[in-house]
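The whole structure should be built from the sequences, with the hints applied where relevant.
Protein sequences appear in the order of chains A and E. All residue numbers in the first sequence are consecutive under my numbering, ending with 157. All residue numbers in the second sequence are consecutive under my numbering, ending with 157.
To be clear, the hints were calculated from the coordinates, so they are not data collected in a lab. Take these hints with a grain of salt, some might be off.
Any copy, or any two copies together, can satisfy a pair, since identical chains are not distinguished.
Stated by the list, open to error - Derived DSBU-like pairs: lysine-lysine, alpha-carbon spacing no greater than 30 Å straight-line:
hint	residue 1	residue 2
1	Lys106	Lys88
2	Lys87	Lys106
3	Lys106	Lys61
Keep in mind the model is a prediction, meaning the values are calculated, not measured.
There are 2 protein chains.
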Amino acid sequence: MNEGNCIFCRIASGASPARKVYEDEDVFAFHDIHPQAPVHILIIPKKHLASLEETEEADQALLGKLLYVARNIARDFELHRNGYRLVLNTGRQGGQTVFHLHFHLLGGRYLYWPPG
Amino acid sequence: MNEGNCIFCRIASGASPARKVYEDEDVFAFHDIHPQAPVHILIIPKKHLASLEETEEADQALLGKLLYVARNIARDFELHRNGYRLVLNTGRQGGQTVFHLHFHLLGGRYLYWPPG
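In structure tokens:
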């Protein structure tokens, strides 16, 4: 899949609608349309990376920024008080359905074990 | 909890036993003692960080490295062929039980949805 037909590239560029939570020059975040918890937000890089498997060593800084933005969004939504879970699915068995790297931030309820 | 009584600090330093998978100057990885999938590995920073909530902006590079090491370990275990899931629990509702930041890498079976 290239950027042109990637739904998350379209969302990050504003070409497709989403309930935006956060945006900076590298990162975009929006509410999942099929929430699995009271708060369920997706955090994505604006750069098209199909999955963690597709990243290179030079993407480490961006990966770290995505996590730190997720941490800050958790604070914005007061999830840091009781806790939250971040999930990164890679490939079909991992449950990845959109092939543009995205972290799921879930909170507002107890998250059970195993994680799927 | 400080470093002295943190079980994951003890594992990373070699003071407590674990089935080690990977080690470098910043990162340590080992098999979870209660695996939830055929492959279930924990990836931790050697530096004591209680959780993602406790990280600071300067920790972004380390967070990115942890993810990239997880990606490389997934390749080592051939998980990249079919897929895998990474999970980061923060706080009690997130399911965090050891307060030293750790990523769960799960693979070798289909990971279901919701993720807990």
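Structure-based check of each hint:
no.: 1; hint: Lys106 <-> Lys88; verdict: both (13 Å within a copy, 18 Å between copies)
no.: 2; hint: Lys87 <-> Lys106; verdict: both (12 Å within a copy, 20 Å between copies)
no.: 3; hint: Lys106 <-> Lys61; verdict: both (18 Å within a copy, 28 Å between copies)
In this structure, none of the earlier numbered hints is contradicted; all agree with it.
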